[in-house]
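Construct the entire structure; sequences and hints are all you get.
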Amino acid sequence: MSLEVEEIPAPLKRYDSLFGNAEKVSHSKHHGSQVSWMRTLSFAFQSIGVIYGDIGTSPLYVYSSTFPNGIKNNDDLLGVLSLILYTLIIIPMLKYVFIVLYANDNGDGGTFALYSLISRYAKIRMIPDQQAEDAAVSNYHIEAPNSQLRRAQWVKQKLESSKAVKIVLFTLTILGTSMVIGDGTLTPAISVLSAVSGIREKAPSLTQTQVVLISVAILFMLFSVQRFGTDKVGYTFAPVISVWFILIAGIGLYNLVIHDIGVLRAFNPMYIVQYFKRNGKDGWVSLGGVVLCVTGTEGMFADLGHFNIRAIQLSFNGILFPSVALCYIGQAAYLRKFPNDVADTFYKSIPAPMFWPTFIVAILAAIIASQAMLSGAFAILSKALSLGCMPRVRVIHTSHKYEGQVYIPEVNFMMGLASIIVTIAFKTTTNIGNAYGICVVTTFSITTHLMTVVMLLIWKKHVIFIMLFYGVFGSIELIYLSSILSKFIEGGYLPFCFALVIMSLMATWHYVQVKRYWYELDHIVPISEMTTLLEQSDVRRIPGVGLLYTELVQGIPPVFPRLIKKIPSVHSIFMFMSIKHLPISRVVPAERFLFGQVGPREHRMFRCVARYGYSDKLEDPKEFAVFLVDRLKMFIQEESAFVKIKPENDDSSEDTEAQERPRRSTQTAVHSEEMVETRVSSHLGGIHFHVNQTVEEEKQLIDREVERGMVYLMGEANVTAKAKSSILKKIVVNYVYTFLRKNLTEGHKALAIPKDQLLKVGITYEI
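Positions 69 to 835 (the working numbering) are the ones given, in order, by the sequence shown.
Keep in mind the hints are simulated off the structure, nothing from the lab. Remember, predicted model here, so these are calculated numbers, not experimental data. A few of these clues could be false.
What the hints assert, rightly or not - Below, computed lysine to aspartate or glutamate pairings styled on EDC-like, alpha-carbon distance capped at 16 Å:
1) Lys140 to Glu478
2) Lys767 to Asp688
3) Lys633 to Glu670
4) Lys701 to Glu775
5) Lys701 to Glu603
6) Lys633 to Glu603
7) Lys701 to Glu766
Encoded structure:
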């Protein structure tokens, strides 16, 4: 006799009593498209303080960086002004505000978000932890290519089949991350130094060394207060930056009217052509200074998660562009009369009564610009952790109100130290600008390349549109990059040194993590061997709940037999726990856990995969434990709905390996009181099942064992290169990786696991 109970598919409502409104998942087509206009205007105001500090303070140093040797021809000012205006129009406005912002990953932007978006549509990640159940998460949003779009399917196939392409995309992503760290290091140096330099207008006796020391003191304070967070960053900074924009726009308009209104001719792009004809190679080299007018542009995209597309479009086109453009126009008008003041254009062009108010606001604006870049760097690095290309360091969330406001102590120390060293070593904004420009343009170029893949694979745009995008923006950025590289010796080498060191460390960590994952995957313990271990006479089941952390999302890790060998006991309830980051920004808590039974049911052993997005915050250990136990009991309840009685003469048996796979991929989103409609395929014939009674007993057992204590077990893996490995591999694995593992925050601290509940098991892997 055979009895099957099948679940009739039905739309599942999502509830979650512990996490409030977890079921409210946005499915809007464009980020912010369904937000009210009042809310959008509020976002637009806040965005002024968060993302425009950097690009808004660029007028402090653009002209001095463009004309380091002075102005040779007054008409050159028209050519440079034209270049500045059209650079602002083409890169930030056209490329980012009207195109790139729409390539957000459920509202999150930045280089890392683009990589995650691509990795959802094509399996380009090198750690094989993808599961079919991941695609069922609400925020995944995959639209499969249809028959009319064979090109997208072809691109997907090429991305997945080529290891070289995967490595290139990964390299571009960590290069972009490295450049953002470089940007976060150089922005405070150049912004603060250029703002403080203005004091020499009123105190000419001050030497440049003294200006540098004042700047260093401000930088030291800036990095010291990072641990307190930027809790009210939007509302606190927005008024200051708004005042800054009003001041620079007003001063620009004043200079335009008073000195030379004729500079408005610069809106004619022919002046750009004449400028290059007149200056040749020198004109091309000067582009390295011009491009500094768009520093901080990537921040609009990287900080999109705090706001929405409409808010940024409104604030950029309505406030930032008019204010900054007027400032540059006014400075050009002033320099037409006083070309010898180009080394300190901004402060010399300020009307005397307005000097001190402008100077004070400039200092504040420079600090805010630095703070915004630091916050962005911390946020991007916290996302990079989910790629497995950084040690699992402790990420401190500094705000309960503003998502994404994080602080990483180790990174803050290294960036602060580097910023101070750069300020002392370079002393002038011109030399720092040479390094700064490379960070900016390299990030632009990386975004262009990743955006092209997004257009081919995900947006499925017409090939002509894609060619125009790549051709226009890619060629402009290439020209700027070639100009900046000409100043390699004059400071341009600095970001390459930063990037080389950071990328080497990130690539080393990721390489070993991938090798380690594959090693564990190749040495998984069969269910039969686990059962044999548990049935040995000297292995006891002890009270409590044991959580063994493992990177594997399937299979029993090789550290488990070693644990049994060293400590011949297993907790009454035992769980193989995996923390997994999906290539999406957030996973709603109601869909956090994925459970499966490991081995026979009487063993009470489970697998649990806790899934997070790259912007998600790990819960407090107590909160996590409560949520985990609640979902485990729900999983047992749901499992009881699947009953199968085999006929007596049926000799078939389930594959023991398949026992670990969840018979039902629970999304833990079904309310415990929600009834599951079932269809019985044959008559019960008077057979009674005591399923409910059994389930209640299991739940009570879990509650009792939780009260007796929860123990966290972690494998302390010592990874070494094989004896026959190359010298380079031995250096990378045995020295660089080991140094990072031993000197950065340990995994249990990153997961906030209490020390008195932690047990580590040592094991060595040879890769």
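Taking the hints in turn, this is what the structure says about them:
no. : hint             : verdict
1   : Lys140 to Glu478 : 47 Å, violated
2   : Lys767 to Asp688 : 23 Å, violated
3   : Lys633 to Glu670 : 22 Å, violated
4   : Lys701 to Glu775 : 15 Å, holds
5   : Lys701 to Glu603 : 26 Å, violated
6   : Lys633 to Glu603 : 13 Å, holds
7   : Lys701 to Glu766 : 8 Å, holds
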